[in-house]
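**Q** Spelled out from the first residue to the last, the chains are:
Protein chains: 2
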Amino acid sequence: MNNIQSYISKHKNRFLNELIELLKIPSISADSVYKEEVLKTAGAIKVSLKEAGCDTVEICKTEGYPIVYGEKIIDKNLPTVLVYGHYDVQPPDPLELWTSPPFEPVIKTSELHPEGAIYARGACDDKGQMFMHVKALEFMTATNQLPCNVKFMIEGEEEVGSSNLATFVKNNQEKLKNDVILISDTGMIANDVPSITTGLRGLSYVEVEVTGPNRDLHSGLYGGAVANPINILSKMIASLHDENNRITIPGFYNKVEELSKEERAEMAKAPFSLEKYKKALDIEAVYGEAGYTTNERNCIRPTLDVNGIWGGYIGEGAKTVIASKAFAKISMRLVPHQDWKEITQLFKTHFESIAPKGVKVKVKPHHGGQGYVTPINHIGYQAASKAYEETFGKTPIPQRSGGSIPIVALFEEELQIKTILMGFGLDSDAIHSPNEHFGIWNYLKGIETIPYFYKYFTELSK
Amino acid sequence: MNNIQSYISKHKNRFLNELIELLKIPSISADSVYKEEVLKTAGAIKVSLKEAGCDTVEICKTEGYPIVYGEKIIDKNLPTVLVYGHYDVQPPDPLELWTSPPFEPVIKTSELHPEGAIYARGACDDKGQMFMHVKALEFMTATNQLPCNVKFMIEGEEEVGSSNLATFVKNNQEKLKNDVILISDTGMIANDVPSITTGLRGLSYVEVEVTGPNRDLHSGLYGGAVANPINILSKMIASLHDENNRITIPGFYNKVEELSKEERAEMAKAPFSLEKYKKALDIEAVYGEAGYTTNERNCIRPTLDVNGIWGGYIGEGAKTVIASKAFAKISMRLVPHQDWKEITQLFKTHFESIAPKGVKVKVKPHHGGQGYVTPINHIGYQAASKAYEETFGKTPIPQRSGGSIPIVALFEEELQIKTILMGFGLDSDAIHSPNEHFGIWNYLKGIETIPYFYKYFTELSK
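Protein chains in written order, with UniProt numbering: chain A, 1 to 462; chain B, 1 to 462.
Copies of one chain are not kept apart here, so a pair can be met inside one copy or by any two copies together.
In silico DSS-like links for lysine-lysine, alpha-carbon gap of 25 Å or less: (1) 278 / 362; (2) 279 / 360; (3) 357 / 278; (4) 278 / 360; (5) 50 / 35; (6) 276 / 357; (7) 362 / 341; (8) 35 / 24.
These aren't lab readings, by the way, just hints derived from the structure by calculation.
Whole structure, please, built from the sequences with the hints as guidance.
**A** Below you can see the structure in the form of structure tokens.
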């Protein structure tokens, strides 16, 4: 790839400003209040794909938010790379913890990011990482170095379960036909320790509702005599883990992939400091399933976390009330071979079965997805590995991620195509948290590395 | 008391309209947004006491909301009745469950209230019941039948712990000097089963905060590896009750008054239908401490209830986050001899001690009060009993209430005076709940019965 560094340094400021403009739009798919903004973002992506050199770009309607599709086909006989990303973002709350407004991007330097990082919701997940691919395409087309065909599929519902993408993929198999799927929606270990994600956890997300008395009650007149939905919900949630922090749902672990001693030893080689980890989170101790290390707990083991809970009086001051209802949002991270629909059903059956007589329980399945693994002997993985060697000067480490990109498993199921996860973000980027940011160095390094993937993938495909 | 019924029927509509005007003011003491409205209510009480015949009325400043004090002294040698009530109300939420706006009073009839009931926040607790005393005074002064001296002390912070009333009482012992304290802030068993409350539960109200990581985290990247504050809070709350629903805080039961078989047998005589109770609340089963009946559980036994819980993402849709913090408001109802300050400390020590290493816990004591008992041989009780016989045609049943009026214990401590709790509301009035209401029959019956208390208390004091 000739002159890539000079091209990047020449256009660096424009690359940054174009991303900043995109980050200003609050495309929060979880909250219908932002509907217009989400749609506006789709329009902006369409324009940027066109400008980057796609021959055809279209906004494809779905039951929910549209999918932006673009392609540049230079030769039917050459391989085709399908780039997937998403233009929607997580809700920014709690707002009060942001040091600058989530949709007013600012650049700040830090120890980790001496060249500065862009602070904004979506800076890394996934507007920033998705936009690297758009700019990489711009470089390849502007300098006539695009070695193969490319297709873009950028969706707007990843943060709410990609519920309509599945149908889109099913109904557009010919249009989406490709040889490898490329996604940047994961991270790497460190700027000097490049890594490629080879495994993802699956997900099952549910919402539960516990109803006690048919109205809120005075805790003095009824306290102690009726089941309090909040106390009961707490008790039910507590019972979902045993004293070893293993999940108590019958059958939950039946299909869990148990890694061999060798594989676990291989994983353990990735640089990790428990002290730094605890310090970064300001916690005295880690916490999790007995018998596994921190890195194992958050990537090769399934988990159950309450993501939100509410009930009763949560305003200022005191109210002596027994609430009629209590609610919780609960998600389970799954590992390869666990089927998310089956796990969701196991959860529902179990959770309903442990409810005491004095309450009624509703379990509403939200969304989910399967786990996924990429074999490191796949030519896509090898092409990515060579690309990192080219720009980072060292071989990347294959890494399992604790996160979930449900759609990756679906691609394999529907298109029989493997996905390569080239992530350039860091764990410290605070995605899904206040003060999400993305290092400028990482952003530009991604733009520099991606074209080499195209180069080597095309070569290895011959 | 001559012509009392004719006086009431003559002025009935005015009595209703005056109360309705008072109920239109949202005097929510727990929410500072309503500060002006709370103060406005104090002003309205001052006017109505003056109009009812008080010689002097004043609005007494405190650190918080003012106390309205009024008095009519006819003869220093005659006994003095001190009437206590409160003009503040509970927050009305959840608003969506009200069938009519909480501060736009409407009159509706029902099976229980064929003569109609006033629906509004505070209709019963305590504006309606407090205002009965103002109208009873009006009758006695207007017809020259006030048999003794009377003092009114109406506060605006009962729903948030009466934190400033204590100081006021301590500093105004001479002004408040009296022979008996009269309060209508409790209920009776049924319109055809009058009862007088002889016992109240104490209260300890705390707010807890559990902090895990220093920021919200992505549940995929960190799930399973760090303590999730919501899961931990649920676990800690669940552990506060054992399998018999007894509270597990060490020392919690040490001073609990154990009633004799005889006393429990006496209590059991009060008419009660478990089927009706469950039907009214639409619950399949009751729930509580093993070895006690429903009526015992909610009045002679201490309890622990979560009144509110919140943490993480509680908005629309899904967010896969591990919250940095989780919160709960917890209240304990106490029985005579349990000291609320001691119990609060026991809770704090225990709750902090059960926190796992991965989290930090804060316990913020909110407010509280002691339990209370009135002996039925007290002349105040006897006077009240004769008053009910006069207007209900039957002897009232002495009854323990599960509720708390912390100030009652304080009156005894500071003024060495017993309190008589003449409540005219019903459990079904939904105080502290949506659609609070107060029967017009009950309101007028109270106004009719109260003057007889003055009559008999004066006679029995000779």
